[in-house]
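Please model the complete structure; the sequences and the hints are all you need to start from.
According to my numbering, the sequence shown is numbered sequentially starting from 1357.
Quick caveat, the hints were computed from the structure, so don't treat them as lab data. Computed from a predicted structure; not experimentally measured. Keep in mind that a hint or two might mislead.
[As the list claims (entries may be wrong)] Here are the simulated lysine to any residue pairs, SDA-like style, with alpha carbons at most 25 Å apart: (1) K1857 to N1422; (2) K1857 to E1420; (3) K1857 to L1845; (4) K1857 to L1841; (5) K1857 to L1407; (6) K1857 to L1844.
[Stated by the list, open to error] Label pairs and their computed distance ranges (CB to CB): (7) W1746 to S1865: 34 to 44 Å; (8) E1611 to A1444: 23 to 33 Å; (9) L1377 to L1570: 34 to 44 Å; (10) W1746 to P1524: 52 to 62 Å; (11) A1559 to P1609: 16 to 26 Å.
Each residue gets a CB set at the ideal place from its N, CA and C atoms; glycine is no exception.
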Amino acid sequence: MTTLQPDRLSPSTRVLWLTVLAVAFLYVWGIDNLYMPSNGDEMVYAHIARLTAESGRWLPLVSELNDMRNTKPPLLFWQSMVVSGGGAYWQLWWLRLPSLVYLGLVCAGMSLLLHRWLGEWRTAAWAVLCVLLCWGTFRYGRPYLTTAPEMFWYSLAPGWVLWRAAQPHQRGIHHHSSEWAAWTVLGLLTGLGLAYKSFALIAPLAAATWAMRLALQPRWSWRDLWICTAQTLWWSVWAVAVFATWLLLDPQPQEVWREFVQRENAGKMGGPQSYLSGLFSLKGSGDYLAAPFLNTGLLFPWVLALVAMGWRHWRTNGQVWRGGLATALWLWIAVWCWVFLLPSQRSSRYLLPLMPALAMLMAMQVNQFSPRVVRSTGLLSVLALAVLCWLAWHAHSLGVLPTFWALCVALAGAGVCVLCVAMWRTAQPVVLHALWSAALFLFGLNALLQGMSGERVHFHGNTTERPTADTVWVTEGFNGEFERLQFLLPGHNRFVPQQTKLLALIDGSDRTPGTWFIVPRGV
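See the structure below:
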């Protein structure tokens, strides 16, 4: 699989990188929005990080949620403690800022790697656009979650292998001391990634990197196989050792073992039903099998086309394909996917670290996609923006969405329609128009969320009338959702979700003097 030279319909490199800057703005815009696309775990992590910072100690982690304390390794929480100045500047955009930094590093790494292999920057720009316009990256890569750190730290070892393999004389598997030293350093760095998520992720990492190294060799012997295996094990041991320092540093290691190792990790290996029945059931594997659509969103047709093109090329060329960049990236994706079939709990989120590899593959074949594939992304964008326009219309009629933001959503919808007409009027549609359509959807979504939040949900009362460091009773909801109130109300309040207490305060059966509570909307 090779990259085609730019044709007359392809945009210039400058236009591509200007588009990258515009999409990057969409990522920064709304980073402080409480209601931007995210995951329910974000507020749980913010809760643990805030209370740990207030404790004045790095360990143990602190939480008021039952069985939701050692839910993730400490590096994720230490990150927010550092950027917020130990909790002194507790603002949501500070907590989310490191995610954008990690995404920027991932994009820079992809660009440098593709330039080293291909000698030009156009494909790098396509790759950055593809990874940023995938729905999984936009939803999980911006909030205070583990996705962006995972993408970065777990890409270091395979990225280093691919960087060296770009020069044929550096592809060999060697037994030199410098080689072992390099894998030691990579083990330490990979261990930092495990300290964000889980030690169990060394399994897909090691298996995929091992297979990729062997596939990049034009030929290898049994000696190469043993050396590659030994170096992979050495790297894995160092990575797990870095993670294991959590057990050594935490003053309550038995709680870490019980809550994180046994329940959070080992608990995902078993289930109420047998492994095979879960594997072949919609409930057990439905979300996992839908990962290409859930993670790529509007670029899903590109993934289908990419798989079809790769399959045809492999059937035609067989072993001739071995040793190239595309081979290594396909192996990285395939092995990672196969390893994650082993746990009984499978999720499309487990495959998000593969987004950089998938984006590079799409970028390398972007000029080979058929007009039908290109237009399908525009059509999906029209449908998605039609839903946003419908929501904006009703929100504006209810007085929830200001006119300016409603017009922004409408303009995004009109822009996508214009791009679709342009793509349908030409026999060879411009591929960049499809990506512009996807970007306009993200613009419309940001505009809708900005208009329905912002000043409308901020606290406007007199700060002297609000409780400070006092208990405020709130309604129960999903774990940690009440933590959002810490970013809305001034002061360091203690929000306690207890439905029975709140109902008693609302109906007047509980008249405890000086009790503060928040009335749910509609009461």
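Pairwise beta carbon distance, E1611 to A1444, judged against the given window 23 to 33 Å:
holds (28 Å)
Sort out whether N1422 lies within 25 Å of K1857, counting only the CA atoms.
holds (18 Å)
Proposed proximity, E1420 with K1857 (alpha carbon, max 25 Å):
Roughly 17 Å separates the two Cα atoms, so the pair holds.
Is K1857 within 25 Å of L1845, Cα to Cα?
Between K1857 and L1845 the Cα gap is close to 21 Å, so the pair holds against 25 Å.
Hey, K1857 versus L1841, does the alpha-carbon distance stay inside 25 Å?
holds (18 Å)
Would the hint linking K1857 and L1407 be met if the CA-CA limit is 25 Å?
holds (23 Å)
Given a hint of 52 to 62 Å, does the C-beta separation of W1746 and P1524 actually sit inside it?
holds (55 Å)
Take a look at whether the Cβ-Cβ distance between L1377 and L1570 falls inside 34 to 44 Å.
Given about 39 Å between the Cβ atoms, the range holds.
Is K1857 within 25 Å of L1844, Cα to Cα?
Roughly 22 Å separates the two Cα atoms, so the pair holds.
Could you tell me whether the CB distance from A1559 to P1609 stays inside 16 to 26 Å?
Since A1559 and P1609 have Cβ atoms about 23 Å apart, the given range 16 to 26 Å holds.
Given a hint of 34 to 44 Å, does the C-beta separation of W1746 and S1865 actually sit inside it?
holds (43 Å)
Consistency note: the structure conflicts with none of the earlier hints.
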